[in-house]
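> The primary structure of each chain is shown beneath.
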Amino acid sequence: MIGWFVRRLLQSVFVIVAMTVIVFVGVNVIGDPVAILIAPDADQAERLQVVQSLGLDRPLWEQYGRFLYGALQGDFGKSFVFGQPALQIILERMPATLELAFCAVFLAVVIGIPLGLYAGLRPRSILAKTVMAGSIFGFSLPSFWVGLLLIMVFGVQLGWLPSSGRGMTREFLGIHWSFLTLDGLTHLILPACNLALFKVSLVMRLVRAGVREVLPQEYVKFARAKGLTERRVIFVHVLKNIMIPVVTVIGLEFGSTIAFSVVTESIFAWPGMGKLIIDSINLLDRPMIVAYLILIVFLFVTINLVVDLLYTVLDPRVQHNGEG
Amino acid sequence: MSVLLDVRGLKTTFPVGAGQIKAVNDVSFTLGRGEVLGLVGESGSGKSVTGFSIMGLLEPPGRITGGQILFDGTDLTKLGQEEMRRLRGRRIAMIFQDPMMTLNPVLRIDTQMIEAVTAHRPVSKAEARALARDALGQVGIPSPEERLNAYPHQFSGGMRQRVAIAIALLNKPDLIVADEPTTALDVTIQAQILAEVQKLTAEQGTALIWITHDLSVVSRLADRIAVMYAGRIVEYGDVAEVIGKPHHHYTAGLIGSVPSRNRRGSRLAQIPGMTPSLLTLPDGCAFRTRCARADGDCAVMPELTGQGAHWHRCVHPNTQVLA
Numbered sequence: 171m172i173g174w175f176v177r178r179l180l181q182s183v184f185v186i187v188a189m190t191v192i193v194f195v196g197v198n199v200i201g202d203p204v205a206i207l208i209a210p211d212a213d214q215a216e217r218l219q220v221v222q223s224l225g226l227d228r229p230l231w232e233q234y235g236r237f238l239y240g241a242l243q244g245d246f247g248k249s250f251v252f253g254q255p256a257l258q259i260i261l262e263r264m265p266a267t268l269e270l271a272f273c274a275v276f277l278a279v280v281i282g283i284p285l286g287l288y289a290g291l292r293p294r295s296i297l298a299k300t301v302m303a304g305s306i307f308g309f310s311l312p313s314f315w316v317g318l319l320l321i322m323v324f325g326v327q328l329g330w331l332p333s334s335g336r337g338m339t340r341e342f343l344g345i346h347w348s349f350l351t352l353d354g355l356t357h358l359i360l361p362a363c364n365l366a367l368f369k370v371s372l373v374m375r376l377v378r379a380g381v382r383e384v385l386p387q388e389y390v391k392f393a394r395a396k397g398l399t400e401r402r403v404i405f406v407h408v409l410k411n412i413m414i415p416v417v418t419v420i421g422l423e424f425g426s427t428i429a430f431s432v433v434t435e436s437i438f439a440w441p442g443m444g445k446l447i448i449d450s451i452n453l454l455d456r457p458m459i460v461a462y463l464i465l466i467v468f469l470f471v472t473i474n475l476v477v478d479l480l481y482t483v484l485d486p487r488v489q490h491n492g493e494g
Numbered sequence: 002m003s004v005l006l007d008v009r010g011l012k013t014t015f016p017v018g019a020g021q022i023k024a025v026n027d028v029s030f031t032l033g034r035g036e037v038l039g040l041v042g043e044s045g046s047g048k049s050v051t052g053f054s055i056m057g058l059l060e061p062p063g064r065i066t067g068g069q070i071l072f073d074g075t076d077l078t079k080l081g082q083e084e085m086r087r088l089r090g091r092r093i094a095m096i097f098q099d100p101m102m103t104l105n106p107v108l109r110i111d112t113q114m115i116e117a118v119t120a121h122r123p124v125s126k127a128e129a130r131a132l133a134r135d136a137l138g139q140v141g142i143p144s145p146e147e148r149l150n151a152y153p154h155q156f157s158g159g160m161r162q163r164v165a166i167a168i169a170l171l172n173k174p175d176l177i178v179a180d181e182p183t184t185a186l187d188v189t190i191q192a193q194i195l196a197e198v199q200k201l202t203a204e205q206g207t208a209l210i211w212i213t214h215d216l217s218v219v220s221r222l223a224d225r226i227a228v229m230y231a232g233r234i235v236e237y238g239d240v241a242e243v244i245g246k247p248h249h250h251y252t253a254g255l256i257g258s259v260p261s262r263n264r265r266g267s268r269l270a271q272i273p274g275m276t277p278s279l280l281t282l283p284d285g286c287a288f289r290t291r292c293a294r295a296d297g298d299c300a301v302m303p304e305l306t307g308q309g310a311h312w313h314r315c316v317h318p319n320t321q322v323l324a
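Just so you know, the protein sequences line up as chains B and A, in that order. Plus 170 on top of the position in the first sequence (first one is 1) and you've got the working numbering. Plus 1 on top of the position in the second sequence (first one is 1) and you've got the working numbering.
It is worth saying that the hints were derived from the structure and are not from the lab. Check the hints yourself; a few may be wrong.
Mimicking BS3-like on lysine-lysine, the simulated pairs with C-alpha atoms at most 27 Å apart in a straight line are [what the hints assert, rightly or not]:
| hint | chain 1 | residue 1 | chain 2 | residue 2 |
| --- | --- | --- | --- | --- |
| 1 | B | Lys391 | B | Lys299 |
| 2 | A | Lys12 | B | Lys391 |
| 3 | A | Lys12 | B | Lys410 |
Make a model of the complete structure from these sequences and hints.
What follows is the structure, encoded as structure tokens:
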């Protein structure tokens with residue numbers, strides 16, 4: 171187990187380093203940020219000065235070396251646009267995104283799992299069929315369109331919920347959170363639902379498929395033959411057997427929501443990281459893009475590690491000996 | 002010997018499309034306390050469905066459509082789900098065919114044993130655990146205290162079946178339905194398990210319904226035998242009677258095809274043809290299409306006839322005594 175963990179950590183470090191190379195080379199071919207940063211009427215001397223101050227006159231390998239040296243000390247360079255450390259700017263926006271992602275995943279779990287269980291246990295019921303048909307919409311409707319529709323209905327026509335920004339925030343552990351105020355919560359509802367729609371459908375279908383697969387198993391019959399209550403059969407014997415794929419998907423969904431909730435954040439003007447990265451890409455703010463992508467890689471590597479560890483808790487047959 | 006289980010005219014059907022499969026058709030037998038009944042038949046003869054009907058564990062859409070199952074005077078077919086649940090595992094237990102599949106792979110043995118006790122008795126977890134440990138010791142599992150903390154995949158097939166038997170015995174049931182519990186095991190393990198079950202049920206005075214297709218197993222274990230064919234009992238009686246003087250040609254065929262009865266070098270006797278589909282049964286005796294003695298009289302379903310302890314469902318009963 172320890173050996174496995176150390177190996178896994180080394181692998182993770184390798185993945186992150188490889189990613190820095192790819193990202194660093196990548197951003198250097200997509201365009202020249204200087205053209206955007208300097209005034210249109212700037213002369214050659216001014217231009218040269220900007221290039222030198224940003225270190226762009228150095229060869230690529232040297233730029234990368236400097237970057238890596240800095241990154242090891244937690245310095246991912248300064249944003250070209252804001253003139254502040256890139257990592258600091260990203261981390262400032264992170265709580266907003268984290269909060270949104272947590273809410274969306276939370277909704278996916280508390281709605282998706284019970285609905286999936288129901289649909290799996292009573293596949294012929296009308297509710298199950300309705301819900302399964304509805305999940306197809308959840309999968310296939312583009313989220314920007316659903317977002318706009320949510321704003322139209324609940325924000326504009328009914329006027330029940332705000333559709334823009336984070337609302338009031340309250341400080342907790344030195345970070346501003348929306349969910350701690352009523353106003354903030356109401357601001358959170360629409361974007362969270364928008365993000366959750368796809369995830370609810372996904373989790374629900376996974377759980378349903380799992381239930382359909384596990385129910386005919388002999389051990390479920392045997393559990394019933396022991397005279398266990400139906401509740402115990404479902405929530406212990408069945409549910410524990412279907413949690414592995416569900417946990418995997420929830421982990422990945424959590425990561426991708428944090429990283430790529432760009433569309434939803436843009437539509438609801440949610441000041442999170444997704445909106446930040448889009449703005450940075452538009453301005454070719456290289457340090458921001460690099461720092462962001464590396465942070466995301468770090469996040470995914472961590473989530474996968476946690477999910478792998480959870481497997482051992484969920485299924486005793488999964489053992490992390492040497493291999494892996 | 003007082004009657005524990007009295008099955009009368011049991012009918013279990015599975016709807017398929019427009020038709021109905023009569024998996025169990027008019028099955029009757031009685032079982033006294035501590036008695037062992039061997040329920041014998043080929044795959045699809047309805048023997049397992051009979052077992053699941055008694056347990057109240059039929060897979061929907063299958064359901065009991067007729068008859069009574071009187072268990073200690075109570076008709077199980079009339080019981081509600083919750084009443085049936087309280088009976089299952091406490092007074093009627095079941096052992097399944099494939100020990101690799103019956104234990105939940107993600108739950109520890111102690112969890113699976115303790116829940117079987119606490120589902121029926123108001124005892125603490127510690128007490129239930131002690132009972133579980135004793136039960137494991139009883140079925141011959143070494144160092145039961147440590148094995149309680151193990152998961153099913155850490156046991157061999159034979160050991161898992163022992164665990165399943167221990168679970169079945171936990172609440173000292175009056176009746177155990179054993180659905181081919183040794184079929185999936187090695188021959189040597191089979192014999193051990195068989196001896197173990199025989200000993201334990203005799204000790205506790207537990208009645209046993211042993212469902213199997215293996216006549217040699219049943220002849221060693223059972224007091225009585227019921228032979229099933231296409232959903233019906235075709236022969237029923239004391240073991241020595243049925244094995245020694247089978248009246249039904251199907252039973253005779255089954256006995257004749259046991260390898261030890263065949264002479265060395267000669268071809269193994271077999272029953273011609275195969276089990277008919279339950280959807281397209283011939284009129285009258287279902288076995289007549291495979292039976293050498295069949296004639297026009299067989300086109301009417303014969304009644305179960307006989308005397309004393311030996312009954313058969315055949316108009317041309319076999320009179321030969323098998324050596």
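> Could you run down the list of hints and mark each one as holding or not?
Now for the hints, and whether the structure bears them out:
1. With a C-alpha separation of about 25 Å, the suggested pair Lys391/B and Lys299/B falls inside the 27 Å cut-off, and the hint holds.
2. Pair hint Lys12/A plus Lys391/B holds up; C-alpha atoms about 21 Å apart against a cutoff of 27 Å.
3. Distance check on the hinted pair: Lys12/A and Lys410/B sit about 36 Å apart at the alpha-carbon level, beyond 27 Å; violated.
The structure is inconsistent with hint 3 alone, although it conforms to all the rest.
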